[in-house]
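Please model the entire structure based on the sequences and the hints provided.
There are 2 protein chains.
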Amino acid sequence: MKTSAKFYHAGCPVCLAAESAVVNYLDRSKVDLEIVHLGDAKGRVAEAEKAGVKSVPALVIDGQALHLNFGADIAVLR
Amino acid sequence: MKTSAKFYHAGCPVCLAAESAVVNYLDRSKVDLEIVHLGDAKGRVAEAEKAGVKSVPALVIDGQALHLNFGADIAVLR
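Just so you know, the protein sequences line up as chains A and B, in that order.
Under the working numbering, the first residue of the first sequence carries the number 1, and numbering increases by one thereafter.
Under the working numbering, the first residue of the second sequence carries the number 1, and numbering increases by one thereafter.
Hints may contain errors.
To be verified - Label-pair distances were calculated between CB atoms; the ranges are:
(1) ALA46(B) x LYS30(A): 28 to 38 Å
(2) GLY52(A) x ASP27(B): 33 to 43 Å
(3) ARG28(B) x MET1(A): 12 to 22 Å
(4) GLY52(B) x GLU34(A): 25 to 35 Å
(5) GLU47(B) x GLU34(A): 11 to 21 Å
(6) LYS2(B) x VAL76(A): 21 to 31 Å
(7) GLN64(B) x ASP27(A): 30 to 40 Å
(8) CYS12(B) x LYS30(A): 44 to 54 Å
(9) VAL76(B) x ASP62(A): 38 to 48 Å
Claimed, not checked - The list that follows gives simulated cross-link-like pairs (lysine-lysine, PhoX-like), each with its CA atoms no further than 25 Å apart:
(10) LYS6(A) x LYS30(A)
(11) LYS6(B) x LYS30(B)
(12) LYS42(A) x LYS6(A)
(13) LYS50(A) x LYS2(A)
(14) LYS6(A) x LYS6(B)
(15) LYS30(A) x LYS42(B)
(16) LYS6(A) x LYS30(B)
(17) LYS42(B) x LYS54(B)
(18) LYS30(A) x LYS30(B)
(19) LYS6(B) x LYS30(A)
(20) LYS2(A) x LYS2(B)
(21) LYS50(A) x LYS6(A)
(22) LYS6(A) x LYS54(A)
(23) LYS54(A) x LYS54(B)
(24) LYS2(A) x LYS30(B)
Claimed, not checked - The following residues of chain B were derived to be distant from chain A, with all beta-carbon distances above 10 Å:
(25) MET1
(26) GLY43
(27) ILE61
The set of hints was computed from the structure by calculation and includes no laboratory data.
We treat Cβ as the ideally placed atom computed from N, Cα and C, and that holds for glycine.
Following this line, the structure appears as structure tokens:
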């Protein structure tokens, strides 16, 4: 069974660089990936925070929030 | 052609959690992954720093250093 993962970002340059690695190299045979732009989907900031996301870009996978470098604090996206 | 990637860590709890995600979900059909424990391989700290690694755990892929959460500053590993 595939695991589901969410990549949260805000369109920042650091976000785009990280997104490229995630999109290119995550094993899609094991992972269903959803990409969420929190600048466009402000209604989902709370969901990201609940998953442990403190900043973007971040990948939530297997219940773990992995912050990939630092683009922006999630507080500025609320 | 596969790209090569290096996952640098230092055995810290944050490192192990990130390593689990990297090992489980990186697409090995596209990536040759090497895992480097900088506590055991101090001679490779300079190589990691040259690749842009500021802290561990970090994944260097396509010439990009992706810091995955924060376990330890690379300075303490020199």
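Violated hints, by number in ascending order, as checked against the structure
Hints 2, 5, 6, 7, 8, 9, 15 and 27 not satisfied by this model.
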